[in-house]
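S.K.: Protein chains in written order, with the numbering used here: chain A, 1 to 547; chain B, 1 to 348.
The hints are simulated quantities; they were obtained by calculation from the structure and are not laboratory data. All residues carry an ideal CB built from backbone N, CA and C; glycine is no exception. Please note that a few of the clues may not be correct.
To be verified - Not the full set, but computed from the structure, chain B residues with beta-carbon under 8 angstroms of chain A:
| no. | residue |
| --- | --- |
| 1 | Ala50 |
| 2 | Phe81 |
| 3 | Gly99 |
Take a look at the letters that make up each chain.
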Amino acid sequence: MIRRVVPAILLLILAWLVVEPMLLVALDAVRSDAGWTFAAVRAFLVERNEWRAALNSLWLALASVVLGGVLGVSLGLLTRLADFPGRRIVSALLALPAVLPPLVGVVAFLFLYGESGVIARMVMAVTGADTPPWRFEGAGAVVLIHATTMYVYSYLLVRGALATFDPALLEAATALGAGRWRTLGTVVLPLLRPAIGNGALLTALSSLASFSAPYVFGGGFRVLPTQIVSTRLNGDIPIAMVETLALVGLSLVALLLASRLGGVGARGAGKGIAPAPKRTGSRRSRWGIALVAWGFTGWLLLPHLALAVVSLVPQGAWNTTALPTAWTIGNYLTLVTDPVRWRPFGTSLWMASASALVAAVLALGVAVAARDPRRPLSRWLEGGLALPWAVPGTVYAIALATMFSMAQPAAGRFVLIGTLWLLPLAYLIRSLPVIGRPVVAAIRGLDPALDEAATSLGAGAWRAFTTVTLPLLGPVLAGAAALAFVTGLGDFMTSIILYTYDTRPVSLEILGAIRQGQLGVAAAYGVVLTMLSTGAFLLAERSRRST
Amino acid sequence: MSTMHLERVAKRFDTTPVVSDVSLAIAQGELVALLGPSGSGKTTLLRLIAGFEQLDSGRILLDGDDVTDRSALERRCGMVFQHYALFPHLSVSQNVGYGLANERLTRVARDARVTEVLAMVDLAGYGGRPVTALSGGQQQRVALARALAPRPRVLLLDEPLSNLDPSLRERTRRELRELVRRTGITTVLVTHEQEEAFELADRIAVLHLGRLEQLGTPESLYDAPATPFVAGFVGRASQLHGTVTGREGVVVHVRAAGTGWRARATGNLAGDVVLLLRPDAMRFAAAGPVAGTIVHRRFAGAHAFYTIRLADGDDVEVAAPPDAAREGDPVRLEPTGTGAHAWDAAPR
Chain A
1 MIRRVVPAIL LLILAWLVVE PMLLVALDAV RSDAGWTFAA VRAFLVERNE
51 WRAALNSLWL ALASVVLGGV LGVSLGLLTR LADFPGRRIV SALLALPAVL
101 PPLVGVVAFL FLYGESGVIA RMVMAVTGAD TPPWRFEGAG AVVLIHATTM
151 YVYSYLLVRG ALATFDPALL EAATALGAGR WRTLGTVVLP LLRPAIGNGA
201 LLTALSSLAS FSAPYVFGGG FRVLPTQIVS TRLNGDIPIA MVETLALVGL
251 SLVALLLASR LGGVGARGAG KGIAPAPKRT GSRRSRWGIA LVAWGFTGWL
301 LLPHLALAVV SLVPQGAWNT TALPTAWTIG NYLTLVTDPV RWRPFGTSLW
351 MASASALVAA VLALGVAVAA RDPRRPLSRW LEGGLALPWA VPGTVYAIAL
401 ATMFSMAQPA AGRFVLIGTL WLLPLAYLIR SLPVIGRPVV AAIRGLDPAL
451 DEAATSLGAG AWRAFTTVTL PLLGPVLAGA AALAFVTGLG DFMTSIILYT
501 YDTRPVSLEI LGAIRQGQLG VAAAYGVVLT MLSTGAFLLA ERSRRST
Chain B
1 MSTMHLERVA KRFDTTPVVS DVSLAIAQGE LVALLGPSGS GKTTLLRLIA
51 GFEQLDSGRI LLDGDDVTDR SALERRCGMV FQHYALFPHL SVSQNVGYGL
101 ANERLTRVAR DARVTEVLAM VDLAGYGGRP VTALSGGQQQ RVALARALAP
151 RPRVLLLDEP LSNLDPSLRE RTRRELRELV RRTGITTVLV THEQEEAFEL
201 ADRIAVLHLG RLEQLGTPES LYDAPATPFV AGFVGRASQL HGTVTGREGV
251 VVHVRAAGTG WRARATGNLA GDVVLLLRPD AMRFAAAGPV AGTIVHRRFA
301 GAHAFYTIRL ADGDDVEVAA PPDAAREGDP VRLEPTGTGA HAWDAAPR
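Can you make the complete structure from the sequences, with help from the hints?
M.R.: Here's what the structure looks like:
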């Protein structure tokens with residue numbers, strides 16, 4: 001009985017939270033008070049600015065995939081196959097952008113490359129100019145930010161694939177006379193194709209969903225997410241819905257393309273999972289490689305260094321010199337001592353932890369119900385869990401705002417807009433795939449014989465679950481929940497659409513502080529978010545390794 | 001076809017010596033098995049020959065050329081990996097042809113060589129299949145064909161049969177021996193299975209803790225083990241402690257378990273010795289001088305192995321017809337005069 005009812009209830013919850021809002025968006029795009037209409041669709045297609053935004057999103061995604069992919073794959077190969085001093089530290093540092101809140105990354109770029117950023121100040125101090133030497137704005141700036149933050153997807157996936165790569169394959173190629181480059185081209189890269197394909201997909205989805213970078217640096221360069229927000233602010237709701245659908249459409253195209261091109265995960269025919277291979281060359285080549293790797297790492301992390309520097313400078317104390325002349329930790333103290341500054345932190349903390357907790361419980365339930373991958377129900381549950389992953393955050397924010405703007409209890413619709421529940425609910429939905437995907441994978445990786453052993457020893461379903469399955473899944477669950485927590489903590493793109501006076505989160509406070517010219521405080525917020533994210537990332541990594 | 005010389009080869013990982021001072025000369029077309037328990041350094045030695053590991057000291061010569069400082073790429077040894085390391089994204093033909101790319105062959109010549117080698121391993125017509133669709137035995141043969149296709153100077157086999165079912169293993173072993181004999185290629189085989197080494201190898205190098213214990217034909221290892229380790233590892237043997245009472249040539253007279261034994265001696269023995277007894281060193285005899293009780297009987301077809309506990313608590317193993325006795329029976333034994341070896345009792 002329970003075995004049938006619980007999955008059905010879980011499926012209903014997913015349908016209610018994940019699917020219904022999306023359907024309502026689709027309906028609202030072709031419906032008005034007067035009935036069905038294609039006026040909004042027509043307006044979208046006719047208006048040049050509208051489809052220009054869609055085109056921009058598309059080529060931005062392509063550029064991000066190509067540049068980020070080349071960077072990520074090269075760095076993944078370099079840190080796995082080449083041995084050089086400091087390899088481990090470089091590998092870890094390069095993975096960091098995976099968890100840093102996008103807005104913090106963007107603000108860090110602002111402080112480094114922006115008109116009043118560190119580099120601009122240095123140039124001004126050296127040349128004596130009194131106007132900034134450049135404006136860091138437009139498509140180029142956004143592409144640069146995307147490539148240098150989104151490489152991390154290809155990087156992590158390629159590293160992951162290489163970790164289980166059988167080094168005997170490399171030796172076999174060598175023994176058969178293939179040199180380094182031929183081995184790379186004929187053995188390594190073809191076998192990495194699934195990882196590279198999935199990396200490209202993640203990059204494409206992130207780029208399509210990316211809001212912070214185009215919002216802060218885009219200038220006149222509009223992409224769909226920023227266009228959606230501004231159209232909605234202008235009150236053009238139906239057109240915003242069409243834009244939202246267009247964005248979903250582009251994401252789905254990316255998904256389809258990836259599944260066509262990516263191929264299935266081919267692994268070595270050998271059964272042994274061998275240790276990571278290392279190539280030791282001459283001393284000189286080792287140090288050469290080290291120089292390149294450290295150089296790249298330094299360049300990629302430079303913005304965050306700038307962020308840290310700015311956070312330590314007193315308000316208004318750094319105007320004309322290349323480097324700051326006065327230092328303070330006052331910006332950090334303000335966050336704690338000033339109730340106005342602390343409030344968004346408290347708000348973000350409770351919203352992120354509550355949503356991560358509920359999402360963890362829900363995702364765990366779904367994972368248990370979807371454990372057998374052959375059951376059709378499992379596929380539906382899994383799909384529901386994964387959908388928010390493929391759909392940009394902006395889209396979900398719009399969809400939830402639509403869904404919970406009227407009372408229609410029979411359809412599961414309540415008025416939540418303007419209350420403090422809507423934003424945590426959005427975080428929760430966005431957390432579902434973050435927690436669900438690894439937990440489903442982990443539960444399927446458990447040996448079913450463990451459960452059977454518990455049963456044979458007299459444990460009922462519940463006891464077997466709490467004493468065997470749950471403890472084994474615990475680390476993965478905790479790690480994934482930690483990642484979901486930091487995602488909520490640093491969220492910007494759903495928050496900017498759904499926040500109210502009561503739920504004003506840190507990200508908006510950062511932006512507000514920048515607008516008020518209080519760069520030090522904004523940077524301090526950013527540094528604290530960075531630290532929390534790094535901590536959660538390390539926790540997740542450790543839990544992943546311990547299982 | 002080539003000769004191979006290892007001269008005082010040594011390799012350590014961090015501070016642990018894995019291969020110590022191994023010297024070995026392998027004749028053209030000879031098949032030498034590196035036999036030893038796990039941790040004996042046999043796989044490391046093979047990887048040193050292939051060039052996947054660098055020596056700490058010593059030299060490796062192929063056909064008299066010193067290849068010690070040459071990379072694996074330059075040595076071009078044909079190698080069959082334990083898990084085969086077939087390229088899973090390539091077809092059977094593409095795998096087999098992979099090593100032919102460096103030889104300036106026309107496409108036709110390359111295809112012909114692939115076909116020829118596939119026929120050699122009995123896989124004619126399998127070229128277009130993905131390697132992942134093959135059975136374990138077929139994958140093993142593809143790995144062999146791939147290693148042989150570029151006509152390497154030496155063939156290195158790393159536990160090539162360990163991933164096969166026992167029944168398939170025996171057949172594959174025969175086919176492998178056939179193939180290696182037919183191609184006449186100089187071959188080094190790593191194995192931890194004595195039976196495999198006995199059937200395949202011309203000579204066997206027994207390794208223990210990174211050292212070469214003995215190099216010889218299967219018969220000489222069994223009949224004249226150079227060390228107690230070889231005697232114990234190659235073939236079955238029981239151990240007794242005894243005292244030398246006399247000597248004639250290479251044979252010593254030893255008193256142990258209350259009776260006299262004739263044993264092959266290694267070195268100049270006197271006083272306390274270790275006596276190693278093959279299962280054929282004793283037989284049941286109603287009036288035999290040694291008394292004991294059968295504590296275990298293991299049936300092995302034409303004969304059975306009986307473990308007999310002697311009066312002083314030592315266990316010895318005797319081969320006899322399967323119906324000779326039952327567990328729990330008191331028995332008496334007498335030496336047969338063969339199958340005994342003696343060593344100095346002082347720890348080596």
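S.K.: Next step is simple, just say for each hint if it's right about the structure.
M.R.: Structure-based check of each hint:
no. : hint  : result
1   : Ala50 : 6 angstroms, holds
2   : Phe81 : 4 angstroms, holds
3   : Gly99 : 3 angstroms, holds
Violated hints for the displayed structure: none, as all numbered hints are satisfied.
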